[in-house]
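Engineer: As a plain string of letters, each chain reads:
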Amino acid sequence: MAGPRVSPWSPIWNRFREDRFAVGGGIFILLLVVIALLAPVLPIRNPNHGYYELLPANGAPLSPGGTFLLGSDPNGRDLLSRIIWGARISLFIGFVANGLALVVGVMVGALAGYLRGWFETILMRVTDIMMAFPVLLFSIAIISIIERGSVLVIVAVIALFYWTAVARIVRGQVLSLKEREFVEAGRALGGGPQHNLLHHILPHLVPIIIVYGTIGIATSISTESILSFIGIGVQAPTADWGKMVADGQDFMFVAPWLVIFPGLMILLTVLAFNLIGDGLRDALDPRARALFRGVIGGVAAGSAGLAGQRLGLDSEAEPT
Amino acid sequence: MTAYIIRRLLWMVLVLFGVAAITFVMAFLVPGDPARLYAGTNASPAAIKIIHHQLGLDRPLWTQFGDYMWRVLHLDFGFSYRFQTPVLPAILQRFPATAELALAGVFFELIIGLPIGILSAIRPGSFWDRATMVFTFVALAAPPFWLGLIFLFVFGVLLPVLPIGGYGGGAPQYLLLPALTLGLGGAAYYARLLRASLLDILKSDYVRTAWAKGLTERQVIQKHAIPNALTVIVSQLGMDLGYFLAGVVVIESVFAWPGIGKQAVDAIFTLDIPLVMGTVLFGALLIVTANVVVDISYTFLDPRVRYS
Amino acid sequence: MKRVSTAAMAVLGVGTILLSACGNSVSTAEGQPVSGGTLTVSFKDDLKTLDPAIGYDTDSWSIERSIYNGLLDYKGFTTQLQPDIAAAMPVISTDGKTYTFKIRSGVKFSNGRTVTADDFKYSWERMLDPKTAGPMTGGPFWGSVHGAQDFFNGTTTSIPGFKVIDASTLEIDLDSPNQSFLNIIAMPFGSVIPKEAVSAAGSDFAHKPVGTGPFTLDKWTPGQLIVLKKNPNYFGTKPYLDEVDAQIGLAPEVAYLRVQNNQLDIAQPDLTIPSAQYIQLSSNPTWKNRILKTPNVDIYYLAMNVNMKPFDNSLVRQAFNNVVNKANLVKILNGRAVINNGIQAPPMPGYVPNYNPLGLDANGQNIQKAKDLLTQAGYNASHPFPAQDLVYTKASADSDRQAASIQQDFLQAGVTINLKGLAFNAFLDVTGKPNTTALSFNAWIQDFPDPSDFIDPILTCAAANVTANGGNVSFFCDKDADKLADQARGDINSAERLKLYQQFQDIVVTKDFPWVPMFSTVETNVSAPRVHGYQLHPVWPFVTTSIWVTGGAPSLAPAPASASASASP
Chain Y
1 MAGPRVSPWS PIWNRFREDR FAVGGGIFIL LLVVIALLAP VLPIRNPNHG
51 YYELLPANGA PLSPGGTFLL GSDPNGRDLL SRIIWGARIS LFIGFVANGL
101 ALVVGVMVGA LAGYLRGWFE TILMRVTDIM MAFPVLLFSI AIISIIERGS
151 VLVIVAVIAL FYWTAVARIV RGQVLSLKER EFVEAGRALG GGPQHNLLHH
201 ILPHLVPIII VYGTIGIATS ISTESILSFI GIGVQAPTAD WGKMVADGQD
251 FMFVAPWLVI FPGLMILLTV LAFNLIGDGL RDALDPRARA LFRGVIGGVA
301 AGSAGLAGQR LGLDSEAEPT
Chain L
1 MTAYIIRRLL WMVLVLFGVA AITFVMAFLV PGDPARLYAG TNASPAAIKI
51 IHHQLGLDRP LWTQFGDYMW RVLHLDFGFS YRFQTPVLPA ILQRFPATAE
101 LALAGVFFEL IIGLPIGILS AIRPGSFWDR ATMVFTFVAL AAPPFWLGLI
151 FLFVFGVLLP VLPIGGYGGG APQYLLLPAL TLGLGGAAYY ARLLRASLLD
201 ILKSDYVRTA WAKGLTERQV IQKHAIPNAL TVIVSQLGMD LGYFLAGVVV
251 IESVFAWPGI GKQAVDAIFT LDIPLVMGTV LFGALLIVTA NVVVDISYTF
301 LDPRVRYS
Chain C
1 MKRVSTAAMA VLGVGTILLS ACGNSVSTAE GQPVSGGTLT VSFKDDLKTL
51 DPAIGYDTDS WSIERSIYNG LLDYKGFTTQ LQPDIAAAMP VISTDGKTYT
101 FKIRSGVKFS NGRTVTADDF KYSWERMLDP KTAGPMTGGP FWGSVHGAQD
151 FFNGTTTSIP GFKVIDASTL EIDLDSPNQS FLNIIAMPFG SVIPKEAVSA
201 AGSDFAHKPV GTGPFTLDKW TPGQLIVLKK NPNYFGTKPY LDEVDAQIGL
251 APEVAYLRVQ NNQLDIAQPD LTIPSAQYIQ LSSNPTWKNR ILKTPNVDIY
301 YLAMNVNMKP FDNSLVRQAF NNVVNKANLV KILNGRAVIN NGIQAPPMPG
351 YVPNYNPLGL DANGQNIQKA KDLLTQAGYN ASHPFPAQDL VYTKASADSD
401 RQAASIQQDF LQAGVTINLK GLAFNAFLDV TGKPNTTALS FNAWIQDFPD
451 PSDFIDPILT CAAANVTANG GNVSFFCDKD ADKLADQARG DINSAERLKL
501 YQQFQDIVVT KDFPWVPMFS TVETNVSAPR VHGYQLHPVW PFVTTSIWVT
551 GGAPSLAPAP ASASASASP
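Protein chains in written order, with this note's numbering: chain Y, 1 to 320; chain L, 1 to 308; chain C, 1 to 569.
Hints listed in this document are in silico derivations from the structure and should not be mistaken for laboratory results.
Everything numeric in this text was worked out from a predicted model, so none of it was measured.
Using N, Cα and C, we set each Cβ at its ideal position, and we do this for glycine too.
Keep in mind that a hint or two might mislead.
What the hints assert, rightly or not - Below, a list of computed lysine-lysine pairs in the DSS-like style, where the Cα atoms sit at most 25 Å apart:
| # | chain 1 | residue 1 | chain 2 | residue 2 |
| --- | --- | --- | --- | --- |
| 1 | C | 48 | L | 49 |
| 2 | C | 131 | C | 102 |
| 3 | L | 49 | C | 433 |
| 4 | L | 49 | C | 131 |
Claimed, not checked - Here are the computed distance ranges between Cβ atoms for each label pair:
| # | chain 1 | residue 1 | chain 2 | residue 2 | range |
| --- | --- | --- | --- | --- | --- |
| 5 | Y | 51 | C | 550 | 44 to 50 Å |
| 6 | C | 221 | L | 103 | 19 to 25 Å |
| 7 | C | 375 | Y | 51 | 58 to 64 Å |
| 8 | L | 66 | C | 218 | 41 to 47 Å |
| 9 | L | 66 | C | 89 | 57 to 63 Å |
| 10 | L | 63 | C | 218 | 54 to 60 Å |
| 11 | L | 208 | C | 224 | 54 to 60 Å |
| 12 | C | 218 | L | 161 | 30 to 36 Å |
| 13 | Y | 58 | L | 96 | 39 to 45 Å |
| 14 | C | 288 | L | 103 | 43 to 49 Å |
Bound-form chain Y, shown alone (with noise of 0.2 Å):
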């Protein structure tokens, strides 16, 4: 008699869900991102109009509390209702510019991982040069050619830079899972190479896609807003975390909320991604930990702009 079906997730989920930061951190970007979509029906103002008549003469913003939940702008403009349009540029790139990587990264990292030779060479070179480059300065001199910044070009460059990394790290992987038994076993069974790699390797691929999909979202969020505050952000006025940040900066003595709230959101929505990730690392494979050591702290890592570079720097993930 056949018992009941048990799904090979439900040990996974199982696991997560006893991580209760990851679990806090699932609940604050599930809100997040309702919140973000149901934007423009929800009861508040526009984001982007600015209430001059209720300023005063001497222009000085209006702090929270009053009117304004959390205060205003200079120009006048909601605090609050920025930060929720805010919230849908940052889940935005972060989804879009992250995803992209991914799927590039994945697809290249692989190819060179399993076919070797003149590909992975070139591959290897390629990121060298790319990982060679101090990542915020050229990202700001690209984007100072192109003279305006706009969201679909810091999504380009973030992903850009980001691919080259993941490339690497799959690449490692991929030629760790190629020694394996199991892939042995499935040429010796006749499959071709096409077929051992998807049906083979990929699957194997799978954990670590997860875990740096998840946290690759918090560093792309990082580094868009870290580039939203030099500047080659989204344009004026849209409303933007790391952009409001920059624009609070001169007031911070004035209306210190101008910097407080926005630089807090992006660190909540950051650690929430992270907070997953971790969880879903544990969850996913808990014996796999040195697989993802440097993982977590080095994708997360968006101290003093560096973004993305402490990434697939971890030498141990990396056998030639």
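Mind docking chains L and C on chain Y? Use the hints.
Structural biologist: Showing chains L and C alone in chain Y's frame:
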């Protein structure tokens, strides 16, 4: 061994060539006539024509490229449009400030990250360990520019114990906040890295043998665990230094620290293309050098890791 | 002064011969001047140059005024000219084309050599030489000097219009009379420099300046510090100060906080107080009264390129003149501006007060009229008005905020505006080139306090007829208006002259609409309590000769808690 070193050096040259080529192409793509940008906002057409010729802009692209590569090889990175002085000396003049900041940043990374990482590895699951995890997560998620601004506000205005940005001629209180902000993220990273490495090592066979042989906890940790974990740290450190030196753009901007990062950002917004490209090239040079130095020293440190 | 990047440029408003000298709100009861001491100031960015042939920014001019002199200067803090190195005001021929100057004897360069007429000819030819690549080459100010055009083109190597009669007599010949020529000579471009110092400096005179001024450049560490020291050979009234130290690269928040804590004497003398700091200072009871204010001679406006669609239709231009909420723009500047619907600035001679010929409301708007005019021009639901890029320069944070406000105003009128903020040199490039930019947000600040300065370089046909770097960014060219400008330029009857300029203004504002004039600004700054005699000059960004200090030098250590607490909001 020497073959490996030579190979790495060749790699370095190749990569730098690639970087220089891409940099040249980008400089070429910038809209606006470089001669006009160089001549300044009000120069007459006659003056612009003269400068156009002086800068060699009327020659074919390949010639300009070759000329550019040749000059770069001789460490001539061109002339800054804004300051009308050679680029490389301008960068080198600002570089010590960035180097100072980078070293101080690394110092904070280590002095905060290492003890925290070690302690939480020795006492996994304890309150201290959990506090560390919280700290590392938050520190890694906080946008560095935001953290810097908050620090400035709290320590510069609310409790005015530290100066609000600037260089202060090298006085240490000016270095404190930017270096701390810079190092905090790295500290969190190292803490976690060290913790994970140590935990693995502490579970490994040869450490268990050491326990069995009767060594004390302190001896095991000191003689076996830490040195091995540190090799991982050292390799990261080298890269970190390279990246920091390449221009800690955001921190320098927030704290008005007069290093090459801030100089590059200012240059970008005044469209001083040679200075921007020169900084990118210079930064790449530092990163690549750091990489190679770390790789080579790694082979000395860890005989198991001799790449072919 | 050229189209300038920021709402915060500190070239200052004008009291004219008719109006009284500026409304500085500093009591004159400052006590007796004290000699000696060092003044510490700060600059946000490093100076680009101290070469008087090149410097055209308030930061360069701030220091240049202290190390150079020319034939003429402004008297005290007025807009009246008086002789400086000249022994007396020049003898001007009856046709207005010849100026003869006598040079004071015994004026020495800081290297000890006496100044002669040859030095002026040398300095001015160098200033106008295409090889020097300065902004005056090919421009309108010196263009009417006899032989200048050939010199600009490179066909001659000297300018016959500058004639050295003898060692102490200089004659200038113009091809056509220009009533503002004396103002032109008084600009820093007219400063005299010694030839031997230029040769000795190689190509770096910009960093190794030598002049005749009250101070000399003692040290310039790029990006960090500029030190001026008193010039013992100075021919004029000696300054009170022994030394001026300028710290470079200090961020505004830091600089103003230091001033409040007595750690810095004057912050950013070349710029106005930034918005946030102004809000802070003006709400602080101690500091509110220390703020100096002076109206600027400037005009901020939107320029519409009359040669590009859709602005080639004058109905569209007229419509645009009814849209902008100018009161909000003033609010964004913390009230440090006045609405201006014309092309002249309030302190200028001939300014028409309450000028509002289009009947705009108190905010400067008439949205309904704008919509009607656009409909009249043929735009409606099926043929909507095309979205426009508003090009502006991001050099000042205020301009970002103001651009956002303008964008919002146009939305009310049914027009979509996209903001395009550019670096300053890119901005000048694209706006100065014909057929490139349709709509831009500009500022024009005086070179000298005369209406011709607001017309000749930016609203004449000659100014429109350029291939690059034009000042006439609307490319406006009206033959009738031009005739008025030509007539006014040489007109000796000043009342008649001013009337002609007013008629020019009427044509621009009520007939052709190449601009949307918006506002003129008010300059502000403060100084630490130990500073006395600091006043805002109508033309120069920073005058050091009237300043003296009392008490000890400011320290740079962070202030004790109590002083800062009073400074926070």
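Engineer: Run every hint past the structure and note whether it holds.
Structural biologist: Tested hints:
no. : hint                         : verdict
1   : C/48 with L/49               : 22 Å, holds
2   : C/131 with C/102             : 29 Å, violated
3   : L/49 with C/433              : 16 Å, holds
4   : L/49 with C/131              : 10 Å, holds
5   : Y/51 with C/550: 44 to 50 Å  : 47 Å, holds
6   : C/221 with L/103: 19 to 25 Å : 23 Å, holds
7   : C/375 with Y/51: 58 to 64 Å  : 29 Å, violated
8   : L/66 with C/218: 41 to 47 Å  : 44 Å, holds
9   : L/66 with C/89: 57 to 63 Å   : 60 Å, holds
10  : L/63 with C/218: 54 to 60 Å  : 45 Å, violated
11  : L/208 with C/224: 54 to 60 Å : 59 Å, holds
12  : C/218 with L/161: 30 to 36 Å : 34 Å, holds
13  : Y/58 with L/96: 39 to 45 Å   : 42 Å, holds
14  : C/288 with L/103: 43 to 49 Å : 45 Å, holds
Hint compliance for this structure: hints 2, 7 and 10 are not met, and every other hint is.
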